[in-house]
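Those protein sequences? They're chains A and B, same order as listed.
Going by my numbering, the letters in the first sequence line up with residues 89 to 338, in that order.
Going by my numbering, the letters in the second sequence line up with residues 89 to 338, in that order.
Treat the hints loosely; a few may be bogus.
Identical copies go unnamed one by one, so any copy, or any two together, can satisfy a pair.
Unchecked claim - Lysine-lysine pairs mimicking DSSO-like chemistry, simulated, CA-CA at most 30 angstroms apart:
#, residue 1, residue 2
1, K132, K212
2, K217, K132
3, K247, K288
4, K129, K92
5, K141, K247
6, K143, K288
7, K132, K225
8, K143, K231
9, K217, K243
10, K217, K247
11, K224, K143
12, K218, K192
13, K192, K114
14, K141, K288
15, K132, K218
16, K243, K143
17, K92, K218
18, K129, K212
19, K192, K217
20, K247, K143
Simulated from the structure, these hints should not be mistaken for laboratory data.
Model, not experiment: these values are computed from the prediction.
Number of protein chains: 2
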Amino acid sequence: MTTKHLSSGSSCPPLEDGVMRVYSMKYCPYAQRTHLVLAAKNIKHEVVYVNLKNKPEWLFEKNSLGKVPVLQINEHCLFESLITCDYLDEVYPEPPLYPAQPLKKAQDRMFIELWSQISAALLKLYFSKKDEQIMKKSCDDIKSGLDVFETELTKRGTKFFGGDTPGMLDYMIWPWAERLPMVEMIARNNGVLTQDRFPKMQNLEPVGHLHHDGRSRDAHCLTMKCWVLVLLVAVACISGMEKRAAASSN
Amino acid sequence: MTTKHLSSGSSCPPLEDGVMRVYSMKYCPYAQRTHLVLAAKNIKHEVVYVNLKNKPEWLFEKNSLGKVPVLQINEHCLFESLITCDYLDEVYPEPPLYPAQPLKKAQDRMFIELWSQISAALLKLYFSKKDEQIMKKSCDDIKSGLDVFETELTKRGTKFFGGDTPGMLDYMIWPWAERLPMVEMIARNNGVLTQDRFPKMQNLEPVGHLHHDGRSRDAHCLTMKCWVLVLLVAVACISGMEKRAAASSN
Chain A
89 MTTKHLSSGS SCPPLEDGVM RVYSMKYCPY AQRTHLVLAA KNIKHEVVYV
139 NLKNKPEWLF EKNSLGKVPV LQINEHCLFE SLITCDYLDE VYPEPPLYPA
189 QPLKKAQDRM FIELWSQISA ALLKLYFSKK DEQIMKKSCD DIKSGLDVFE
239 TELTKRGTKF FGGDTPGMLD YMIWPWAERL PMVEMIARNN GVLTQDRFPK
289 MQNLEPVGHL HHDGRSRDAH CLTMKCWVLV LLVAVACISG MEKRAAASSN
Chain B
89 MTTKHLSSGS SCPPLEDGVM RVYSMKYCPY AQRTHLVLAA KNIKHEVVYV
139 NLKNKPEWLF EKNSLGKVPV LQINEHCLFE SLITCDYLDE VYPEPPLYPA
189 QPLKKAQDRM FIELWSQISA ALLKLYFSKK DEQIMKKSCD DIKSGLDVFE
239 TELTKRGTKF FGGDTPGMLD YMIWPWAERL PMVEMIARNN GVLTQDRFPK
289 MQNLEPVGHL HHDGRSRDAH CLTMKCWVLV LLVAVACISG MEKRAAASSN
């Protein structure tokens, strides 16, 4: 399969019978969840990358919401990252990623749900366009969210939330946990995520395959930092242009 | 247990060992999901109602988000309606509420996820304060969402999404499905939900226990309609007062 991200006007590559396929985008944290679980269970699959800024028309036939990841098995398409991962865990039970006890499994699912508040706050922070109020609110939400996870991991006293090895909770939070170093950068080093407050969450053990294209955490962070820089510069330029336009029209 | 909704300043009633308890609010559709599954599986439990407008302080010890439902088993508290229901389905497997096949189970979970777009649009419609633009957008979202479910139920050709008897998907959508008659009322009978477009979704077979306080669907709808009327009148009054205030200040 090509690593090119297919766009509007493209054709969907034909799928061979019995081959599992993931529709993905290289930097999508949700798609990364599915990749992490596929890797953890060593499941054979192929990947078709999709341009999310200029989506191919056929993506909406796979997922009416037009999002990735989509997991295709013959003519059946599954979407929503957690649902694809839970499906893989049921069909490929080794290694099991949830605790065997239903109560403990439900608790891990609650933590996955709680993580969505942190991921939402991270997204807001990335797109805060340097708005001080949005940045402060996002940072506060990230901090209060991380407090819960820091406390829980300390309580569990294990390397991973899953114990000695990563579990579903570890895989579901990792795509955002590995991006935490960027918070400090966007918030301009104002001590948002100090090591003493979140020593565990900021130094989580990487969960096996770091990023689904096989790059190291550092390489990934570097790319992400570059993107953030580009974004910040672009926003500053646009903001400057707007100010100049407003000044000249007065 | 009392049916009084406990507020700030109240004490949480002591819990006996081994008793399952649900923290709920009588008209909360999310809590209703848990009640429906408890009833479907005939699980013994007690209910503590909570005033969500003036929350008791101890609610946040049960659920840091301060929401209902919360399912308490000894010292363990589970929240998020779907997670509580999935837990009950695992621990009390009869009758099973998901299809046995993992792929079909994942598909039903996808539909539950898709329903959250309809429930979000319904919420926006209820609180649209007669804003024409918000009302139109909400109604459009409800219609396009319902189209997917109408098509799916037609494709399945069964009485319920679960087959001859209700499954998890039926129970998870029912609290909003039973409120659909109100859409037409709020949207002032402008033909949003015509019977010919959604004959199945507007005439869903009630899923066993209709409402967790045991009232009939009609009684429940009547109460809800009264609430909507009160809301509309209140909004009209406030809007009128604002206009008069604006006029007098000019």
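For each hint, the structure was consulted:
When the C-alpha separation of K132 and K212 is checked against a cutoff of 30 angstroms, the pair qualifies neither within a copy, at 35 angstroms, nor between copies, at 43 angstroms. Taking CA atoms no more than 30 angstroms apart as the test, K217 paired with K132 passes in neither setting, with 41 angstroms inside one copy and 52 angstroms between copies. In this homomeric assembly, K247 and K288 come within 30 angstroms of each other (Cα to Cα) only inside a single copy, at 9 angstroms, whereas the closest approach across copies is 51 angstroms. With identical chains, the CA atoms of K129 and K92 are at most 30 angstroms apart within one copy only, with a shortest distance of 25 angstroms there and 50 angstroms across copies.
In the homo-oligomer, the alpha carbons of K141 and K247 never lie at most 30 angstroms apart, since the shortest distance is 38 angstroms inside one protomer and 41 angstroms across protomers. With identical chains, the CA atoms of K143 and K288 are never at most 30 angstroms apart, being 38 angstroms at best within one copy and 33 angstroms at best between copies. Taking identical chains as interchangeable, the C-alpha atoms of K132 and K225 are never at most 30 angstroms apart, the minima being 42 angstroms within one chain and 43 angstroms between chains. For the identical chains of this complex, K143 and K231 are inter-copy neighbours only, at 24 angstroms across copies versus 34 angstroms inside a copy, given an alpha-carbon limit of 30 angstroms.
Proximity of K217 to K243 under the C-alpha cut-off of 30 angstroms is found in neither arrangement, the shortest distances being 37 angstroms within a copy and 46 angstroms between copies. In this homomeric assembly, K217 and K247 never come within 30 angstroms of each other (Cα to Cα): the closest approach is 36 angstroms inside a single copy and 50 angstroms across copies. Proximity of K224 and K143 under a CA criterion of 30 angstroms is satisfied inter-copy only: 27 angstroms between copies versus 33 angstroms inside one chain copy. In this assembly of identical chains, the alpha carbons of K218 and K192 never lie at most 30 angstroms apart, being 40 angstroms within a copy and 45 angstroms across copies at closest.
When the C-alpha separation of K192 and K114 is checked against a cutoff of 30 angstroms, the pair qualifies only between copies, where the shortest distance is 28 angstroms, while the shortest distance within a copy is 32 angstroms. Taking the shortest Cα distances, K141 and K288 never come within 30 angstroms of each other, neither inside one copy (35 angstroms) nor across copies (36 angstroms). Neither within a single protomer nor between protomers do K132 and K218 lie at most 30 angstroms apart by alpha-carbon distance, with minima of 43 angstroms and 53 angstroms respectively. Proximity of K243 to K143 under the C-alpha cut-off of 30 angstroms is restricted to the inter-copy arrangement: shortest distance 28 angstroms between copies versus 44 angstroms within a copy.
Taking the shortest alpha-carbon separations for K92 and K218, neither the intra-copy value of 32 angstroms nor the inter-copy value of 47 angstroms comes in at or below 30 angstroms. Taking the shortest Cα distances, K129 and K212 never come within 30 angstroms of each other, neither inside one copy (33 angstroms) nor across copies (41 angstroms). In this assembly of identical chains, the alpha carbons of K192 and K217 never lie at most 30 angstroms apart, being 40 angstroms within a copy and 42 angstroms across copies at closest. For a Cα distance limit of 30 angstroms, the shortest separation of K247 from K143 qualifies neither inside one copy, at 40 angstroms, nor across copies, at 37 angstroms.
The structure fails to meet hints 1, 2, 5, 6, 7, 9, 10, 12, 14, 15, 17, 18, 19, 20 from the earlier list, while all remaining hints are met.
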